[in-house]
Amino acid sequence: DAGVTQSPTHLIKTRGQHVTLRCSPISGHKSVSWYQQVLGQGPQFIFQYYEKEERGRGNFPDRFSARQFPNYSSELNVNALLLGDSALYLCASLKGGEANEQFFGPGTRLTVL
Amino acid sequence: TQLLEQSPQFLSIQEGENLTVYCNSSSVFSSLQWYRQEPGEGPVLLVTVVTGGEVKKLKRLTFQFGDARKDSSLHITAAQTGDTGLYLCAGENFGNEKLTFGTGTRLTIIP
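Residue numbers (the numbering used here), protein chains in the order written: chain A, 25 to 137; chain B, 6 to 116.
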């Protein structure tokens with residue numbers, strides 16, 4: 025079975041541009057979360073989607089948006105990129121159940137120049 | 006804002022030694038998860054603890070959830086070079102599937 029897949033693996037953009045990152049969850053998982061991990065820190069929660077509905081949003085500006093498609097894949101969009109948006113963007117697929125274990129993809133490394 | 010503080014931030018020890026990593030918060034969590042992350046990869050789930058006072062063992066790794074569900078520890082016995090990595094604790098809140106991650110402990114095992 026395929027795990028969580030993310031694309032692209034690496035991306036270089038310049039300030040002011042926009043970017044779209046993609047994620048496919050584990051087959052059978054209906055929920056996806058997005059996290060930003062700045063170098064040297066733990067991941068920070070950005071969004072969670074379940075059945076195409078937003079269920080949670082972290083403390084990020086409106087430049088960050090996301091959506092989930094009928095096949096449960098998801099996109100994270102970031103507009104008007106800033107240097108500080110450079111980070112590893114992680115997508116997590118949620119299993120559900122008593123303790124909501126989250127399975128992470130390899131991430132997309134975004135560098136903003 | 007809920008915070009999870011991990012200590013130590015960096016740890017470098019010889020192969021074969023024992024170590025403990027701590028994860029502390031002033032907030033209560035419904036469950037706590039431990040992850041290990043290799044450079045350039047996403048975090049990999051090691052264990053989830055749910056009940057206050059719970060102890061789980063995974064080979065040479067022992068995880069404990071505090072009685073009040075505010076803190077946790079990870080103990081590694083006879084560390085091996087393959088244990089090298091970034092260890093992250095993450096708390097989950099009641100009725101909210103958002104994970105709050107700790108600051109991380111970067112562990113290096115020296116051969």
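There could be a bad hint or two in this list.
Output of the computed footprint for chain A on chain B, the stretches with three or more beta carbons under 8 Å from beta carbons of chain A [to be verified]: (1) 16-22; (2) 45-51; (3) 107-114.
Hints were generated in silico from the structure; no laboratory data involved. All C-beta atoms in this analysis are idealised placements derived from N, C-alpha and C, irrespective of residue type, glycine included.
Against the structure, the hints come out as follows:
no.: 1; hint: 16-22; in the structure: violated (count 0)
no.: 2; hint: 45-51; in the structure: holds (count 6)
no.: 3; hint: 107-114; in the structure: holds (count 3)
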